[in-house]
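Could you put together the complete structure from these sequences and hints?
Residue numbers (my numbering), protein chains in the order written: chain P, 1 to 522; chain B, 1 to 115; chain D, 1 to 159; chain Y, 1 to 88.
Treat the hints with caution; some may be incorrect.
Calculated lysine-lysine pairs in the BS3-like style (CA-CA distance at most 25 Å, straight line) [stated by the list, open to error]:
no., chain 1, residue 1, chain 2, residue 2
1, B, 25, Y, 3
2, B, 24, Y, 3
3, P, 117, P, 32
4, D, 151, B, 25
5, B, 24, Y, 2
6, B, 29, D, 151
By construction, these hints were calculated from the structure, which means they are not laboratory data.
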Amino acid sequence: MSSILTHSPALVMALPLLAAFLTPVVGRFNRKILGWFISVILGLTLGITILMAIQILTNGSMIYVFGGSEAGLTLPSGYTVPIRIIFHIDAMGIFMGLITAVVSFLAAIYSLSFMQKESGLEKYYALLLLLATGMFGMEFTGDIFNFFVFLEIASISSVALIAFRSTLSGEPAEAGYKYMVVSSISALMVLFAVGLFYGQYDVLNMATIASVMQFTQLDKIALILLVTVLSMKAGSVPMHMWTPDAYSEAPAAITMVLVAASQASLYALFRVSFSLYNISLNTVTIGWIIIILGVLSMFIGVTMAIIQKDIKRLMAYHAISQTGYMLLGVGVGLAVLANPVALDSFGIKAMEGSIFHIMNHAMYKGLLFLTAGALFYRTGTRDLNKMGGLANNMFYTTIFFIIGAAAIAGIPPFNGFASKLIIYESVYKFNPLLSIIAMLVSILTLASFVKVFHSAFLGPKLEQYKKVQEVPKSMLFAMATLACIIVLFGLFPDVIVKNLVHPAVMALINQTNYTATILGGI
Amino acid sequence: MIGNFPYIAVAILIGLGVYTLIFKKNLIKIAIGITLIESGANLFLITLGYRKGAVAPIYTQAPEGMTMVLPTPQALTLTSIVIGVATTALILSIAMIIYKKYGTINTDEVRRLKE
Amino acid sequence: MKNEMSRIVRTVTTLIYGFIIVYGFYVIAHGHLTPGGGFQGGAIAASAFALLVVTYGDQGVKDFLKKDILSLVESTGLVLFIAFAFFGLGVTFFYNFMANSGGLFGNSAIIGINPGDLNTGGIIPIMNIAVGLEVLAALGVIILTMSVGSKNTKKKENS
Amino acid sequence: MKKSIFAIALVFFVAFMLVAAFGMRIFGEPTVSEMDDYYIQNAQAETGANNVVTTIVFDYRGFDTLGEATVLFTAVLGITALFREAAK
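Okay, here's the thing in structure tokens:
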């Protein structure tokens, strides 16, 4: 048991990779068990991730040296610089890892019946596994070049999955093209930043760079490059054009995983600004830049969403506006990082709210996209004007939609409310105007989802949807688990915040602890 | 000034790549722009690893008494070149699919997803 | 429009494509001694496939380069690569357990400049071969798929 | 209008790159090279291979190469998925 735990970072990465390599071979023999084989593998990965989470939350962050003579030996004898690739998983990394594991497992279950009629299934499942591996790699790695490689794996597999349905019509190919251009530029700029760090400090490990950095002119350029490029990948406003196309053209289960993938780049943005640079740079300006990005994302996301008529594009714009909440919370935390008094009074609270919001957003946005997929699965259309009166014959999907819509709008018993409340309180202390804007956006979100609920579910039973019946069990199971998680987090938010979110925030804030685990306190 | 000529070449290459990316309308030209940026980034990585008057870091029949070049950038550039191949192959095949479905690869006509 | 090349090109290709593949495998096999390795050698061998596809068109090459065999070779290369990474799991993932261990590829090299002994390098030569196979087959599949794909896009144009 | 915004952004970006170019150390004189000296001195002893770059690619940073072979595998999957014939 303990040997599985020490090697768990490698297993979490290697298991889905091995399965992905075997999928084309397994798929050729018999297609039926393929879906189940993938779901079992992702279930195992989820299990290992939960094991790691318990281990990390009990006794500190976990290190794994790839190819080293011993899992924990980071520095070769007599050298102050690590020479191998080191996985450095702290509370924040495993927090994101849990989201990725849950979301990819449920996507595999959901696609068991959702993708039944599609051809080329083994390619779809292999790409889903590779997307999950890419996201795990981005969240767990402690090495910036390794982060670039896994960012590239996640981008290419999500492009291939977005363009998966391009055999039928041209739009998925165009959405895939747009996303490919965006992720190529961002990956190459990350590579340029890696070159800047390597050129000056001849080291690739993030903790070592953080301890050795002298904030020269080049480091500021690398910071600006990384912040712009990673917020572009996370879908914040000035560069959000790819999000609506990518989210609406991808199959529903993949859109859910894509939401978690853009949150992985958001995590990378936090990792760069907190663990790599921390108090050294004037955090006020960077904090305010992220706050402005957040407020813009919130506002433009929701105003664009109200005028949409395609259900998935509407939800995609809401995803942008919800990313704005996360940016707002962490921006406030970053802005006050320098003065400890403000940090303790509301800075940590704001960051807790926004990081908790990342988990909640992944859950209820995933549920909403799955319900949209269920509607598409039965009615074959995503256009709200054509839908109507589906509540009578798709009972469970309606219930799940109500839970998801209530959670996104921040209605009390659900998890959206819990994290938004923390953000409102703490941001109000920092600057009342920001939290008023946040509340206004939340009301607009509620308004647009009431419109969706009315046009898709209520109203008379339309004749062409007479024979529509409920979606198959595997899709219902995926949606039901998400709904339970949402309700569970909504009822006991403080349990989750105390022993899952708070350690994550602490892991982000104190950089000395981050560097000490690798360099042994040098 | 002479010391950082290679980096100026990198800046020009990346600038050209970004220029083609922003101003060109043809999908294939945008793919070429991305390859330009990619070669600029690779050139930047490789030029970081040079040591004046040093030899390739291979011990088989190496010349006597010579210092060796930094090996890590070569490993990093090898990885990023293969990634470049993969991204370019994928972008070009998506452009082919778009041409197959829309009959044109000019971004103005392809813009179906307007709103 | 017969898209095959002229007679000169075809005879030259039939002569040299074997040597290109052999040279590619030489670069793969000697990856840990001479400059090169899995990726470079695989790319050289895949250039022989590209040469064949260009001269004979993807229909003419159909019997020699079958796509499902190539994807099988690709999967075996990758599984071989990750299997040897798993074998090191006794110590850590990707641990070079065969280096300086006397067995296959186990001799320890003479430190400093030496003529190069093929039987050194632990798991590095095996991984070189695995990655060489993978890159060879992957680029082969890409060349074949894109050449087939680009052909019927022309039909769409005049329909 | 859009063209001029892009033009300004491009000029700003190239200026950005040139500042980075002039700020970087002189070509050919690496200021710090501790990690690479470790590779040059110890690669032969630890792995037995002569080509130091291949030892880095496959042994010291082997996980990068696994990730990168996966990138190629993903690209092949993506392309074959794009060009597959539609479901019957």
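Okay, the hints, checked on the actual structure:
Taking the CA atoms of residue 25 of chain B and residue 3 of chain Y, the gap is about 12 Å. The hint holds against a cut of 25 Å. For the proposed pair residue 24 of chain B and residue 3 of chain Y, the alpha carbon gap of about 11 Å is at most 25 Å, so the pair holds. For the given pair, residue 117 of chain P sits about 12 Å from residue 32 of chain P by alpha-carbon distance, which is consistent with the 25 Å threshold. Distance check on the hinted pair: residue 151 of chain D and residue 25 of chain B sit about 24 Å apart at the alpha-carbon level, within 25 Å; holds.
A C-alpha spacing of about 13 Å is found between residue 24 of chain B and residue 2 of chain Y, which places the hinted pair at or below 25 Å, so the restraint holds. Our distance criterion of 25 Å between C-alpha atoms is met by residue 29 of chain B and residue 151 of chain D, whose separation comes to about 20 Å.
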